[in-house]
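K.L.:
Just so we're aligned: the sequence shown equals residues 1 to 69 in the UniProt record's numbering.
Just so you know, these hints were derived from the structure itself, not from any lab. Certain hints may be false.
No more than 20 Å apart at the CA atoms, straight line, and that leaves these computed lysine to any residue pairs for SDA-like [unchecked claim]:
1) K34 with S54
2) K34 with W24
3) K7 with F18
4) K6 with L22
5) K34 with E55
Derived CB-CB ranges, DEER-like [as the list claims (entries may be wrong)]:
6) Q58 with L13: 48 to 54 Å
7) A5 with E55: 45 to 51 Å
8) G46 with A23: 28 to 34 Å
9) E37 with I2: 49 to 55 Å
10) F18 with G46: 47 to 53 Å
11) L22 with D62: 39 to 45 Å
12) N20 with E52: 41 to 47 Å
13) K6 with F40: 58 to 64 Å
Every residue, glycine too, gets a C-beta built ideally from N, C-alpha and C.
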Amino acid sequence: MISRAKKFALFLLGFLFFANILAWIAVFEFSKPKVLEVCFFDVGQGDAIFIETSERYQILIDGGANSKI
Numbered sequence: 001m002i003s004r005a006k007k008f009a010l011f012l013l014g015f016l017f018f019a020n021i022l023a024w025i026a027v028f029e030f031s032k033p034k035v036l037e038v039c040f041f042d043v044g045q046g047d048a049i050f051i052e053t054s055e056r057y058q059i060l061i062d063g064g065a066n067s068k069i
């Protein structure tokens with residue numbers, strides 16, 4: 001049988017472990033930059049532009065090889 005002090009120590013250790021994980025999740029979540037990200041792709045057949053906003057909306061603009069496509 002586990003003594004009362006050991007039970008409390010295990011509970012406290014578990015609580016601190018999960019609190020630490022939650023704190024690091026918050027640090028990484030709030031440290032993300034709130035900027036617009038733009039990527040340009042040249043794939044040979046044509047060009048494309050990928051835009052991602054700070055609200056995580058994603059826009060893909062496809063520029064074909066010429067105006068006939």
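K.L.:
Could you tell me whether the CB distance from Q58 to L13 stays inside 48 to 54 Å?
P.N.:
Given a distance of about 42 Å, which is not inside 48 to 54 Å, the answer is violated.
K.L.:
Confirm or reject the claim that G46 and A23 have a C-beta distance inside 28 to 34 Å.
P.N.:
The hint (28 to 34 Å, Cβ to Cβ) is violated, given that G46 and A23 are roughly 46 Å apart.
K.L.:
For the pair supplied as a hint, K7 and F18, confirm whether the alpha-carbon distance does not exceed 20 Å.
P.N.:
17 Å, holds
K.L.:
At the C-beta level, are N20 and E52 separated by a distance inside 41 to 47 Å?
P.N.:
30 Å, violated
K.L.:
Taking only the CA atoms, is the gap from K34 to S54 under or equal to 20 Å?
P.N.:
Since the Cα atoms of K34 and S54 sit roughly 5 Å apart, the hinted pair holds (cutoff 20 Å).
K.L.:
May I ask you to test the hint 47 to 53 Å on the CB atoms belonging to F18 and G46?
P.N.:
Cβ of F18 to Cβ of G46: about 50 Å, so the range 47 to 53 Å holds.
K.L.:
Taking 20 Å as the top limit, are the C-alpha atoms of K34 and W24 close enough?
P.N.:
19 Å, holds
K.L.:
Just tell me: holds or violated, for the beta carbon distance of L22 and D62 against 39 to 45 Å?
P.N.:
Once the Cβ atoms are compared, 41 Å apart, the range 39 to 45 Å for D62 and L22 holds.
K.L.:
For K34 and E55, compute the direct alpha-carbon distance and say whether it is at most 20 Å.
P.N.:
Between K34 and E55 the Cα gap is close to 8 Å, so the pair holds against 20 Å.
K.L.:
Is the hinted pair K6 and L22 satisfied, with a Cα-Cα distance of at most 20 Å?
P.N.:
Roughly 24 Å between the alpha carbons, so the hint for K6 and L22 is violated.
K.L.:
Cβ-Cβ distance between K6 and F40: within 58 to 64 Å?
P.N.:
The hint (58 to 64 Å, Cβ to Cβ) holds, given that K6 and F40 are roughly 60 Å apart.
K.L.:
In this structure, is the beta-carbon distance linking E37 and I2 contained in 49 to 55 Å?
P.N.:
52 Å, holds
Comparing the model with each earlier hint shows violations of hints 4, 6, 8 and 12; every other hint is respected.
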